[in-house]
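Chemist: Residues per chain, in single letters:
Number of protein chains: 2
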Amino acid sequence: MTSMITVNVELGERAYPIHIGADLIGKTELFAPHIRGSSVTIVTNTTVDPLYGDALRKALAPLGKDVTTVVLPDGEAHKNWETLNLIFDALLGARADRKTTLIALGGGVIGDMTGFAAACYMRGVPFIQVPTTLLSQVDSSVGGKTGINHPLGKNMIGAFYQPQAVIADIGALRTLPARELAAGIAEVIKTGAIADAAFFEWIEANVEALNRCEPQALAEAVKRSCEIKASVVAADEREGGLRAILNFGHTFGHAIEAGLGYGEWLHGEAVGCGMVMAADLSVRLGHLDEAARERLVAVIRAAHLPTSAPALGASRYVDLMRVDKKAEAGEIKFILLKRFGDTLITRAPDDVVLQTLDASVGA
Amino acid sequence: MTSMITVNVELGERAYPIHIGADLIGKTELFAPHIRGSSVTIVTNTTVDPLYGDALRKALAPLGKDVTTVVLPDGEAHKNWETLNLIFDALLGARADRKTTLIALGGGVIGDMTGFAAACYMRGVPFIQVPTTLLSQVDSSVGGKTGINHPLGKNMIGAFYQPQAVIADIGALRTLPARELAAGIAEVIKTGAIADAAFFEWIEANVEALNRCEPQALAEAVKRSCEIKASVVAADEREGGLRAILNFGHTFGHAIEAGLGYGEWLHGEAVGCGMVMAADLSVRLGHLDEAARERLVAVIRAAHLPTSAPALGASRYVDLMRVDKKAEAGEIKFILLKRFGDTLITRAPDDVVLQTLDASVGA
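These protein sequence lines are chains A and W, in that order.
Just so you know, we're using the UniProt record's numbering here: the first sequence kicks off at 1 and counts up by one.
Just so you know, we're using the UniProt record's numbering here: the second sequence kicks off at 1 and counts up by one.
Okay, chain A solo, but in the shape it has when bound:
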């Protein structure tokens, strides 16, 4: 596969391209138009740097920039201020200026932290996303959400900040552990479920190809997911309304992640299980029919994602969901499914939420 697809995220003066294809990390010409200053700082982690760091540095070499690399510890557990500060220390140590470009080379944690560092360093410097996981290719590299976790909540501190470009190298997924591949497929399933019934059917038919990491299937999944998310984000950049539908499965999912401690379950695994729970609640409230719920659970299971929630205790679930960013004055807002491609956002009676929690835990 040598073709490259480009999805444009239309955000006026903050518009940017997402390039999708195999072996893009080594392509100098994809980086050249987006680096205007004299220096570049690559932010990556201990897992990804040995795999793709040299390829990226080789691609940048012909541009004659002063390139430095910051290698962070790997994992969601490090998505905090201490690790973010390592980026600032490196930037100031290298005398990075307002035209220095940051390049995020890694998964969603690296992308979110690098984007937030770019948003804050000298009140804003340019950055490029090079997502190396399926999850970050389909999800966190589109939409400009950046940030870090706080012990009391995920992504509680951050900024809306758009990259100059996203370079999604499908080839980098060859080295992705199976569990992380599945976590990425969770967001692909979510995108189809909330926004596009035809794409959902495509996923049902191709989930095994995705599991096998087939490049054509992955490229199609990334392209369609990015197109859908880009159109939602373009309509609602600052998350005033429509954009909230992208959080289908996330209200329950964030509670699972926070309750177990970040990093215990992968974000995509928590979203997978969270979608099962949101679908259960949708059926109980009479919005979704049982057959659709079963189809959603079947495809989540086929992607080797968890469908039973961890036993945190119902009151702990409710407490954690009340501090979710979508909550208002302690009222939890649920994104529910009406049918594939159609959602609604609503509050839910406590007793029905408890029924869903009861039915979902260790089922």
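These are calculated hints, taken from the structure and not from any lab test.
It cannot be assumed that every hint is accurate.
Distance condition first, Cα-Cα at most 25 Å in a straight line; then the derived SDA-like pairs of lysine to any residue [what the hints assert, rightly or not]: (1) LYS99/W / HIS150/A; (2) LYS99/A / GLY241/W; (3) LYS65/W / VAL318/A; (4) LYS65/A / ARG347/W; (5) LYS333/A / SER39/W; (6) LYS99/A / SER38/W; (7) LYS333/A / SER38/W; (8) LYS333/W / ALA329/A; (9) LYS333/A / ARG95/W; (10) LYS65/W / LEU152/A; (11) LYS65/W / ALA329/A; (12) LYS333/W / ASP89/A.
Model the placement of chain W on the given structure of chain A, informed by the hints.
Modeler: Chain W alone, transformed into the frame defined by chain A:
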């Protein structure tokens, strides 16, 4: 004096009013239009809370909001991540949501940190500035610059983020220590010098009234300074060009602050001395005549501001100026004066900069 003046900062959908007058902190009707959610978090410090905290809480009481107060340690030395985190801890502890309004009650440090916390908390919540120092009334409450210091540089981490409103209570200046009043006058002098020769002449004629904290003179100084700064910011919100003139005196001033350790000299004192140094450099490079330089030094001295620079050593000054946010690839950009109301931004030969440093230190 019971009149109130309002200056509007024209930034499209981010436009906001600055209300200037005596005893405004107690006026419920000034806060009411800008608080939409159900909760408010006041951020203040150990010095200001005992003076004006109760008045503000009393003004908010009729609005029926859930009001919490975070009291931070006082001073520029605390303008760092650890202190900022106290705000996030309090917000999460109080279950603040996306509609919670932050109110900054204090000087520039409180305003900058509260604004940055508002920019980052859940990726952005509304905030109101209630500046209680002359410096913050004339300077840091206009323009949307927020942030914290890094050991290697001042305000290196931050965001451009606009408040909903600024409520500048001239009455609060009665309790301001003389040294901090002078530091505020420094920014008033700067504003006249760079942008408005007639205002500069007004300052020369009224500097003693400002020193005596006369309300009419202070209100006029705050109003004209805010108008000028607002027009510069409206033309260049993200500091692409014109806005840089507001940093007259700041390139040298930031080096003094960083070199001595933040908090040793007040920001306004460093800017006062920095303007003397920038004027010296302006004369040496043939841009400013000696008579104008002497007028500028005379008014800075009349405001009881330092006109001799601390002996940090020339190479340390140069190192510190090279990491200034306005520097590019290590090249220092100086904002120089051509005449009152007119500036230019330029690089300068090293040997001439050294002459200025030599002439300014301990003179």
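Chemist: Now, for every hint given, state plainly whether the structure supports it.
Modeler: Results for each hint:
1. LYS99/W / HIS150/A: Holds, because 19 Å separates the two Cα atoms, which is no more than 25 Å.
2. LYS99/A / GLY241/W: Cα-Cα ~14 Å, so holds.
3. LYS65/W / VAL318/A: With Cα atoms ~24 Å apart, LYS65/W and VAL318/A stay inside 25 Å; holds.
4. LYS65/A / ARG347/W: Judged against 25 Å, a Cα distance of about 22 Å means the pair holds.
5. LYS333/A / SER39/W: holds, 18 Å
6. LYS99/A / SER38/W: Violated - the C-alpha atoms of SER38/W and LYS99/A are around 41 Å apart, more than 25 Å.
7. LYS333/A / SER38/W: OK: LYS333/A and SER38/W at ~17 Å, within 25 Å.
8. LYS333/W / ALA329/A: Violated. LYS333/W to ALA329/A sits at ~48 Å, over the 25 Å cutoff.
9. LYS333/A / ARG95/W: holds, 15 Å
10. LYS65/W / LEU152/A: holds, 23 Å
11. LYS65/W / ALA329/A: Holds, at roughly 11 Å.
12. LYS333/W / ASP89/A: holds, 23 Å
Violated hints, in rising order: 6 and 8; the structure is consistent with all others.
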